[in-house]
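Residue-level listing of the chains:
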Amino acid sequence: MALVLERFFRFTTYLEEVSLICSDAERQLVNFLTELLNQVDERYINRARRILSIPKPSEAEESDAIESLILAAAHMDTLLSETEVFPRQRPPLEVYDFLEKAFPEVLPNGWQLALALLPIYNFAADPDLTERLKKRLGWMPEQPPKHVVLYLAEIERNNPTMWALLAHEMGHALGEAKEIWQTVYVSQTPQKVERPYWITEFVTDNIAIKVLGPAYLCAFALVTLLDDNPTHYSDSHPALYKRLEMLKQELDLMGVLEGRTKEVVDGYYQLVLERIGDKLPDADWKYNWDDLFRRIGKTVNMKIKRGRKFSEQDRKRSEFLADLLQKGTPISSFLDEKRCRSINEKAKQLLGDLKETTTVNRQNRLGEFKGRLNEIIDDFVEESTDPIWVLNAGWLDRWGKIKERDPGLESLSDWQEWLRKTDTILKKSVEAISIHEKLRRNKDAPQRASNY
Amino acid sequence: MLLNELQIIERLTRDNETRISIKPLIDLKSQLGPSSIDVRLGTEFKVIRRQEYTHLNPLRKLDEIKPDVKRYAEEVLTKFDPRDGGFVLHPGEFALGSTLEYICLPNDLAARLEGRSSWSRIGLMVHVTGGFIDPGFHGTITFELCNLGKVPLQLYVGLRVAQLAFYETLESLKPYPEKMYTKYFGQAGTMASRFYEDYEFDILRKLATKD
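Protein sequence lines correspond, in order, to chains A and B. Residue numbering for the first sequence is 815 to 1266, as defined by the working numbering. Residue numbering for the second sequence is 39 to 249, as defined by the working numbering.
One chain only, chain B, in its complex shape (with noise of 0.2 Å):
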């Protein structure tokens, strides 16, 4: 079930542990919608260095591929200054960032992390297939930013540029920091991927080293 606007907030003056904790929740007038809340642009970002690389190998040995993600993205770090001239995203160019709200999800309620339709309408997109968010997850939830549009776009922090919709589900036995191989539970800031970690891969690289 989708939770309402009351709903919501009915979740977030909970005193329990089934209680939706955003915080800062800035305005709460401007940021509630019918079925969702609006998410603000963090501080953090990190772009991908292009011409640094001409692929990511997952399969080379652990030590050397965390390196080499690390560098592959460069942090961007803004800060709540128009004069500072934001986060510029280019056009076709993809960039990692983050909410700045530090997201505590019950293990109850599932969400999802969907554009707004006034950036949408202008290129902008916030997540590139990676926008559900386990019950119960904390952290800051990642944008993965994507400008579609023909001009590059100038964003700053502490716009609105997501919203995050909740789903109630039964309580989940097995909630988001119980998962097995749990790689962002506690995440503040903008992480990049560990997608190496997975275990398939462990297995792809002992079976790439056997004679």
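The shape of chain A in the complex, shown without the other chains (with noise of 0.2 Å):
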């Protein structure tokens, strides 16, 4: 262990050292090595994994120093990923609110979602709950017919950008619900259908992106751009810069690629695409992909009509919060613009008659005068933000961020308090916005008369 230890803390010192090598795509590969070197000597080495992707600098040298220390993290990451494989904690109830909040009515009556983490770099779903698992999420006895475990890999407990993944993840759920992959695969002539599972996977993918909009898409670049091979696929899964590529064109036909996001979108998918380079393997399948992508699209829509869409009106938004979260303010709550505005005329106004009245016209006035503050008063209602607009937003803020390269975040260890930073507020804030949400939808409740 201690060897171990001692080699991440030379590679610390190295990515330091030349931290001119982080090019804009390692960049964002920071912020998982973020993680994993906070949580390197906390028994949670196995996440090493992940860095197995980190591009490899132009000079051999540095090159081989890389390697060998990634090798053996590998190594690590083998001998610890059997020793433990259930988290020890309870899942953070957060990241269930939020995927409450991002499916809503869409899960069938009587299901239940669990979260759980995993100390393996894996997001995955699974229909029913192990005894094991029960336990150790303190399930009730009066279980639901149905369950859906979500799998999040525990490095990104903290990063609320990559909670779009638990996405996909609940569109299996979904998709097995309502039976959206079987009308597909029906769909589909014989002679088309290789490789069935591909289909679970486009569809899910298509909900993932319907609902969340372009955080989905950035999350899974990400993800991509942090493969090994993502032209790389097999008879379950297909090729991730594929899944991207139907990602891309259904955000394209949702109408909400503009401005900043449009930016950020087409950002990361041209990093993707420089990654792959002229890699892209033969098609040896023989799918129309236009035409199953447009069928995919169409029969989600279909079958999900409750479910929440991606909007332009989100998009407006979410940029909005990004402004707001670039200059440090917290983003759980917010007043309409216009209403905020009027608010405040109203307020100077009833500030400024207090202030020419005289002491005997406000006592005449003092009703009035209450009236008004009232009238204020009720008109001031914060919504809460939507939790969507906050993983949007999040994504949009850390490419500002990157394409700003702030002269000031240059090392890496001032990358990584800016990224904790963030990463906080998003979490602080989809948590406060579960909190108000409950507040707010429980004031049914019997309450005293207000004095106001």
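FYI, nobody ran anything at the bench for these hints, they're computed from the structure. Be aware that one or more of the hints could be misleading.
[Said to hold, decoys possible] Result set (DSSO-like, lysine-lysine): computed pairs, CA atoms no more than 27 Å apart in a straight line:
1. B:Lys67 x A:Lys1169
2. B:Lys67 x A:Lys1215
3. A:Lys1162 x A:Lys1152
4. A:Lys1162 x A:Lys915
5. A:Lys1076 x A:Lys1184
6. A:Lys1252 x A:Lys1123
7. B:Lys67 x A:Lys1252
8. A:Lys1235 x B:Lys212
9. A:Lys1130 x A:Lys1252
10. A:Lys1152 x A:Lys1062
11. A:Lys1130 x A:Lys1112
12. B:Lys67 x A:Lys1152
13. A:Lys1235 x B:Lys108
14. B:Lys67 x A:Lys915
15. A:Lys1162 x B:Lys188
16. A:Lys1169 x A:Lys1184
17. A:Lys1215 x B:Lys108
18. B:Lys67 x B:Lys117
19. A:Lys1112 x A:Lys915
20. B:Lys117 x A:Lys1235
21. A:Lys1112 x A:Lys1123
22. B:Lys117 x B:Lys188
23. B:Lys108 x B:Lys217
24. A:Lys915 x B:Lys117
25. A:Lys1252 x B:Lys117
26. A:Lys1141 x B:Lys188
27. A:Lys1235 x B:Lys104
28. A:Lys1235 x B:Lys217
29. B:Lys67 x A:Lys1160
30. B:Lys221 x A:Lys1235
31. A:Lys1184 x B:Lys108
32. A:Lys1141 x B:Lys217
33. A:Lys1141 x B:Lys212
Each chain sits in its own coordinate frame; assemble them with the hints.
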């Protein structure tokens, strides 16, 4: 252990010294490294697996130095991932709440969501709880007929921008419940139905992008960037780059690619294309991709009518929130801009009237003043922010920082600090939103009359 | 000048840097007082593991005392769920907590954190003299919770246990972020004390190791 820690220490130092090797793409990988290095002394060395994907620096010597460290870490990964499968803690509730909000009314009655953390870098959905997990989660005896357990890579628990990937896993549960992929599958002519599981993956991606919008594509692009071989495909999963292609196409169709969002999505997509280069595999399958993607999009729209869809309005709100984030302002609730201005005007007017009124007149006009104040207070209702806007704002903000190349953020530790802060603000925002919603949802509970 | 309710609303709705930002502001109607605004209990607490330490020696090396302080405080995470049991503060116990709200103060306003009378009457203290908030501060406000009563108090996330009063000043030329040795700017959650970072300790440490 000591040896690995020492090696990681050298690795951090190395990165600091050659921060210039951090191209735009690598900058994003630092996000993962940050978590890894923060946690490396706390028994989670297995997360090291992901740094295998760091693009090699140009000079051979540097490359060798990095590689040997990576291999050591990868070895530890294998050792440790076998020792612990389930998390020790209960899952963080705020993620659960975020999913509840992201998929309103689409989860069939009687279904329940649970979230568990994985010590390896994986996201997954499981239709049932194992006995062991039931115990871990403190599951109650009055079990609902169906469960969906979503697994989140523990390394990402404090990185809300990557929670977006859970939407894909949620899509697995919905796709099955609503029999979406069966519909797409049946609509294909038999000779085209090669690798039927691919349809499952495309459908779930389609559900996720419709609910989360650009945040899902950005998170997915980052995973693609980190993958050892984004053009690799298997019987169960199509190549990552192909899935990304569908996501981009779908976002275009949704009409939300404009302004800053377009720049960010194009930016991430471009990074993936650069990473793939000319290593595109030969097409040994017979799908008519455009047709398949269109069919999937249509079926998802038809089957999940009540599902929330990412809209143009959402995009604008996310961009607005990203601006606030860059000023270090929290984004858990907001007052509509017009209403805000009108309240401010009214308050100023009342303040002016109060100052100008003489003591005698004030007594006479007290009722009027109180009435005006009550009106202002009644009008002041802050809405809780949609967690989906928060996720999207997080990606826009992150991209802004990468592009801006703040000279103050040149060292890895500065970058780590900045990521930690923004992730905390994002996470706290989602947490606050869930509390805000619950307090408001239960406002019908008997209350004492207000004095105002 | 202490702001009254109308002035607080006016500040909350400004569209420039003199705005007070309180997020989330869940229910102004119930939170606004004549000259204050109630704030809620957040989800993170830190309690002292008394059994593990005889004392904290701030004259130890920085890299030794820092993890020491971290270990000294046990983190307790709660959530908005009454079935979860909340956070129990035992008589005489001291714990750190924080507001649910993230607050941004402009450079011409200072604030004071005060308890709410209803909670004080059953023995809950929300700060132990550290209730002053500088102009320009951004972040969650730390509660220095202490139960002075005779029975344990069960505290739940989202409860309005304290209030903030705002004082208008001339615009500060050296607001909190520009203050020397700023330690808690931008904190989101409950942060343990960083008293050992005071520069006087550097001097004392130096003197202590001098022959």
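Any of the earlier hints contradicted here, and which numbers?
Of the numbered hints given earlier, those the structure breaks are 2, 4, 5, 10, 15, 17, 26 and 31, listed in rising order.
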